[in-house]
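*Asks:* Read off the chains here:
2 protein chains.
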Amino acid sequence: MVARTDLGRDERVVLAGHLDTVPVAGNLPTRWDGDLLWGRGTVDMKGGVAVALRLAAHVPAPNRDLTYVFYDNEEVEAAKNGLGRVARNHPEWLAGDFAVLLEPTGSVVEGGCNGTLRAAVAVPGTAAHSARWWMGANAIHAAGEVLDRLRAYRPAEVEVDGLVYREGLNAVGITGGIAGNVIPDRCVVTVNYRFAPDKSVAEAADHVRKVFDGFDVSLTDSAPGARPGLAHPAAASFLAAVGGTPRAKDGWTDVARFAELGAPAVNYGPGDPLLAHHDEERVQVAEIERCEQRMRAWLTAGRGT
Amino acid sequence: MVARTDLGRDERVVLAGHLDTVPVAGNLPTRWDGDLLWGRGTVDMKGGVAVALRLAAHVPAPNRDLTYVFYDNEEVEAAKNGLGRVARNHPEWLAGDFAVLLEPTGSVVEGGCNGTLRAAVAVPGTAAHSARWWMGANAIHAAGEVLDRLRAYRPAEVEVDGLVYREGLNAVGITGGIAGNVIPDRCVVTVNYRFAPDKSVAEAADHVRKVFDGFDVSLTDSAPGARPGLAHPAAASFLAAVGGTPRAKDGWTDVARFAELGAPAVNYGPGDPLLAHHDEERVQVAEIERCEQRMRAWLTAGRGT
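If you're matching them up, the sequences are chains A and B in order. Residues in the first sequence are numbered from 1 upward in steps of one, following my numbering. Residues in the second sequence are numbered from 1001 upward in steps of one, following my numbering.
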């Protein structure tokens, strides 16, 4: 859903948020516990969406024209991403001088983001009856070598334009087996590499191929990172208005899509990003309110609401 | 399907075979290559079934009463086994003095069989966003320890009643992963233990629990082995008729079900058991014919066909 003001202001700001969450893990329905709101999505990112909806309802005449974007499929493979579909099919809907993605940052401005790629590491074997296992070669046993490399891997911390990005390489899926009495002839480990924005997707893919040298590695999906764009005047004015010391964004966010469209964009929203996707996901309601007040102050400075 | 002669002979012999195969692996349709018949099921066990069907068609007046049993679901979990269902619901249909299971043995009489059990070895973790992997604990990485133990395991060879049984412990399945951007909180390795007939199912399960000490091990299905019954007079007469030196059966077969019903039973059929379930499954047609001729000679000695 895209909604815009058209007030003839000098500057247009895009406020964007996704509506989907990762799968629930016994953490629905959402529940109150004092000032805490517990449950799937409270951090990632119904809190940020709530801020945007309240601004839309209560700031009809902002000092900058606003474009609100609410979209789907952020938590699945990049090809389905709703913001990406708008960027491909109607890039003019996303036009603006500056964008704020209301992903959870603990209400700290976060610049840029890591890139992400997923790759399938396939391990071959030879099928045989499991009662005569010595006639085959067990692909699942052989995948132990892939897991050994993952366990031994030490991810880098990379400084880009003054901010430090923490990388990661993890198995996010594994599958193997034909039947309960067959030595498996194939095991596939799906890995997710989060890489600093000093690298292109191609460079990141090369790195993953090197780590799993000797195995068949195929890229399944990817999204480039974004260098921090905080030196841009529009970003700097926002940063001055909401305060705090900016830091690097660990997770990939759709800030990279705005970067590709040429607009500086930052992450800024309520909720501890360390609790996103966590079974114990929760947010302080006071933080959602504080975030909304700061945004409102920025968008109404020099005007009444 | 159960079919019986009722000729008032002194002895009743059961000839049994299963009709299902393991999944195809690019090896259908079946094809001829000189005297070789290639394709899924040629060894395990359409060859043996062909022998039985030809005997049923061409030996209307055997010297022993015959019971033919053709059944389904031998290649899946034990609970579905067709012969097992008949044994539970109509054990009288399987009554006999001796049984020949026409599983592939390379036309060598094989006594007894290993037992088999499957167990799920579960490895826990803590879910987190894969961009902030350090907040979670990766269950797939932790499953590397299970694969390490499987790779280090050295299976025993066990002598029982003069025959040597070769054991095996193998992963036959592995599954883990929640979504492409989530550190997985659970990985399950399914293992298959083939154990010599000197052990009960309970003893075999204890052994598997010891191997995977520290992990959550749950038995999913099992079938006891059978000690070789070749000293029994009915088995000895068959052995004398078809010739050769008996050996131990590596794979679990339904011979164990006849053993439970109190009837001596052996495995004897065409096809190299090392090629059962193999992508390169194939059999010599001449061996199928030879097997049928020996069985026919045994069942018609002292009578015309």
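Think of the hints as simulated: they come from the structure by calculation, not from any bench. You may find that some hints are simply not true.
[Stated by the list, open to error] The list that follows gives simulated cross-link-like pairs (lysine to aspartate or glutamate, DMTMM-like), each with its CA atoms no further than 25 Å apart:
| no. | chain 1 | residue 1 | chain 2 | residue 2 |
| --- | --- | --- | --- | --- |
| 1 | A | K210 | B | E1077 |
| 2 | B | K1210 | B | E1077 |
| 3 | A | K210 | B | E1145 |
| 4 | B | K1210 | A | D148 |
| 5 | A | K210 | A | E157 |
| 6 | B | K1210 | A | E157 |
*Asks:* Could you run down the list of hints and mark each one as holding or not?
*Replies:* Right, here's what the structure says about each hint:
no., hint, in the structure
1, K210(A) x E1077(B), "violated, 41 Å"
2, K1210(B) x E1077(B), "holds, 24 Å"
3, K210(A) x E1145(B), "holds, 23 Å"
4, K1210(B) x D148(A), "holds, 23 Å"
5, K210(A) x E157(A), "holds, 18 Å"
6, K1210(B) x E157(A), "violated, 41 Å"
Of the numbered hints listed earlier, those contradicted by the structure are 1, 6.
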